[in-house]
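Chemist: Model the placement of chain B on the given structure of chain A, informed by the hints.
Chain by chain, the residues:
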Amino acid sequence: MIKRLLFISLVFIFTFSVNASNATFEKGVEMLALKNYAEAEQLFLEEISKSPNYSVFYNLGVAYGEQEKWLKARWAFESALKYKPLNGKAQYNAEYSVSQIDKRKIWTHPYSWGKRFVLGFGMTPWVVLAILSGLVLAWVIFIKIAYQKGDRWLHLLLGLFSVVFVISFYGIQVTNKHFGTNQYALIKNERPSLFISPNGVEVDGKITPSERLEIDSYDQDGKWIKISTDDHQSFWLKKEDLLCY
Amino acid sequence: MVRNILLHIVFLLIPFIGMLQEPFVSLEVSSKTIEVGQVFSITIKTNVDGDINIDLPNEFIPSGGSQTGMSSSIEVVDGKRRAVNYKFRTFAGYLEKKGDYNFGPATVKARNGESFRSEVQKIKALKSQNMISSNPSENMSEKVFGLIQQSKKEIYEGESLVILSKVYSQVPVIQFEEYTSYGFDKPAETQAIGPERIRTGYEVVNGKNITTFEISKHVVFPEQVGQYEIQPYHITVLTDDPRSFFPERKSVLSNRSEIKVKPLPSGMPSYFIDGVGKFSLSGKLKKTEVLQGEVVELKLKVSGNGNLHNIKKPNVKLPEGLTFYGDPEVQDSFSYCNLGVVGSKTFTYYIQVNKAGDIKIDPVKAAYFDLESETYKTLTFNFKPIHSLSSEDVLLETYEAHLGEESVIAMQPYLTNNNSDISVPSSLFEGWGGVALLSPLMLGAILGIVVRKRNQKEEDKNKLKSESLYKTTALAEVENLDSISDNNEKVIALSKTLTAFLASHFDVEKGTISRSFLNSMAPDTISEDDCQRLISIFNELDAMKYGVDLAQSDIDHLKEEVNTVINTLTK
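The listed protein sequences correspond, in order, to chains A and B.
Using our numbering, you'd call the opening residue of the first sequence number 97 and step up by one each time.
Using our numbering, you'd call the opening residue of the second sequence number 39 and step up by one each time.
Derived by calculation from the structure, the hints in this document are not laboratory data.
Please note that a few of the clues may not be correct.
Stated by the list, open to error - The calculated label-pair distances, taken between Cβ atoms and stated as ranges, are:
no.: 1; chain 1: A; residue 1: LEU102; chain 2: B; residue 2: GLU497; range: 49 to 59 Å
no.: 2; chain 1: B; residue 1: SER477; chain 2: A; residue 2: GLU336; range: 40 to 50 Å
no.: 3; chain 1: B; residue 1: ILE487; chain 2: A; residue 2: VAL262; range: 54 to 64 Å
no.: 4; chain 1: A; residue 1: TRP209; chain 2: B; residue 2: SER110; range: 43 to 53 Å
no.: 5; chain 1: A; residue 1: LYS302; chain 2: B; residue 2: LYS393; range: 18 to 28 Å
no.: 6; chain 1: B; residue 1: ILE484; chain 2: A; residue 2: LYS273; range: 22 to 32 Å
no.: 7; chain 1: A; residue 1: VAL262; chain 2: B; residue 2: GLU496; range: 28 to 38 Å
no.: 8; chain 1: B; residue 1: ARG490; chain 2: A; residue 2: VAL262; range: 19 to 29 Å
no.: 9; chain 1: B; residue 1: ILE484; chain 2: A; residue 2: THR277; range: 32 to 42 Å
no.: 10; chain 1: B; residue 1: ILE487; chain 2: A; residue 2: THR277; range: 35 to 45 Å
Because the structure is a prediction, the values reported are computed rather than measured.
Glycine residues also receive a C-beta, built at the ideal position from the N, C-alpha and C atoms.
Chain A on its own, in the form it takes in the complex:
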């Protein structure tokens, strides 16, 4: 009886939280339909802080774009690409945003084709593949050691599933790392302050708003970020001056 009650309560809580999340998103969509873009922006930002995903970032990008906040729009669309790197709509809108910032700049995808392939699968297929291939490998190893069999098909299985296991393990690691850290950043202002070290000397340098910066490292407190530009220059900037993804 108690177990049954506990189960029902858990289901109820889960359903409620999902619905609550959906409610914020749907309200944001409603605001977009009513062309109340500022309100939609706030709602989607609230949703991101709770449950960031592709759709929320994408719609946030649209909200920014309609307000002609093209830098932030680009950031939002490229953040959406972090979840679905192969999505055509997000790529199109990111390119459009860049064209609005600088006509001469040609937009490039932030992730390589290999990475897009790995991330495009999502986490679940990689985990399933890793577990299945791990189990098959375990069985093959067991047969080989226990019964000292040297059949050709055993060796084939061993080779094939070893490859599958390694690739799927790699896929899991890449996916984890991809979501675990921020790889890129965009500047919020046209003229950000550039520093030689955290809290250090300010230096002259120019970063254009259309430039995608690579994040190298964070300081201990996480308030300063070290970035690299396209021409391999390194600067420290305050976290609040950057849009990271």
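Modeler: Okay, now just chain B, sitting in the frame of chain A:
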């Protein structure tokens, strides 16, 4: 006989090999710039089987015979080495008038009627150099004497002269030996230009026909101003004087000579390129429509004759906004002859265009000292203006073209569904999570080892059990022999018991047990002693089987032996 057969095979194979290669005909000359009367050789090479013909100018006079043969060479085609087999014909001759002549093409008509042609070779014949030397008539008291001949006694700094070592002989000459060339007391650059072999001729000296021999010929570039002394050359001549019985060996030392090297006159322009002779200048800019930042190639070519190999690169003055990209490359294409160095020298400059717009480069000037007029002459090359497009204009054009292709007009619309299936994954498979993923593998390996060890133990246990069983059986059978009354039957039974025991012990069929089998088991499975003991038991058993009057004591002795062996083997 064998050699003839082999030669026939080779000759038969050559056309076949030729068929496998691409057909070619080539024409080569030993020198492209020669003097009138100077002998040079012409070689035709081909892998086509057929008649060879060549167009020769009327002024060409063959001298000496022609030589034919077969050869092969290695050539590199597309980075790969390939052996090429061909036949060749070589002949020599000279031109009797100065001028420019075309030799060839050489044509070969194959047996199937197809014709193959070579390229044409151009040869320039220059007027013979007038050589100055000591008067031969002053040396007529000697049967053989040597003289140094030179084209000039006075030259300008940078100018070249020709020096010839010549031997005059009033008696027949058999051969020349130990030639030591002339030398200079100051630095001078020398380059041989004479024929590869000694050239004979005739001169009339004091009304007498004298045979002359041109031993060596050089073009010389003195490197300093002043008076040069030419030290004599030495040669040993083997002569066949009709007035003496035996050939005589004569050591010949030539005369000494001098050259005066004068400095160049004053009035040398600042753009003098150290050239002395006769030159021309040509040039080319690879392109005149460039992008800002692009590097454009400029080639300046100095052609002519004189001290071409020593000239400096012409000075190119670049306006603001243009810079040189690296050092200029120099490519030489010349040969040595009695005019000095003939050919061309190409200087390739790399210029980076750093500014946009129309850019004009000042003409290039290069001065040289003309030996005919004995004045400085100026060569000029004028540039076409360069039109440079700025990089911004290019980027804009590129982007506009790119935009035009895809017509990006507006953003894609917003999403109405919350697609949250791709969410941030947990770190399940990092750290301990990774270990969990690998645990099936480790589990499989550990279980496998455990099962294997267990199976091994089971096997050993079964083996011990079976060993004990057949030992007991064998011993019991030996004991029960007393129940058999007939001694012969006892021997047969004993032999069977021993064979059965050994078959069980070695885990083989009974039929396999034999003396040779037992020998093969030693010393790895059983010791040598045990092996010999078993063989002797079998020998005794066999002897007893076919013998008569068996004593009980013999059988008992064998029973003891068998018991001992069984106990020893199953210890």
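Chemist: Which numbered conditions among the earlier hints are violated in the structure presented, ordered from lowest to highest?
Modeler: 3
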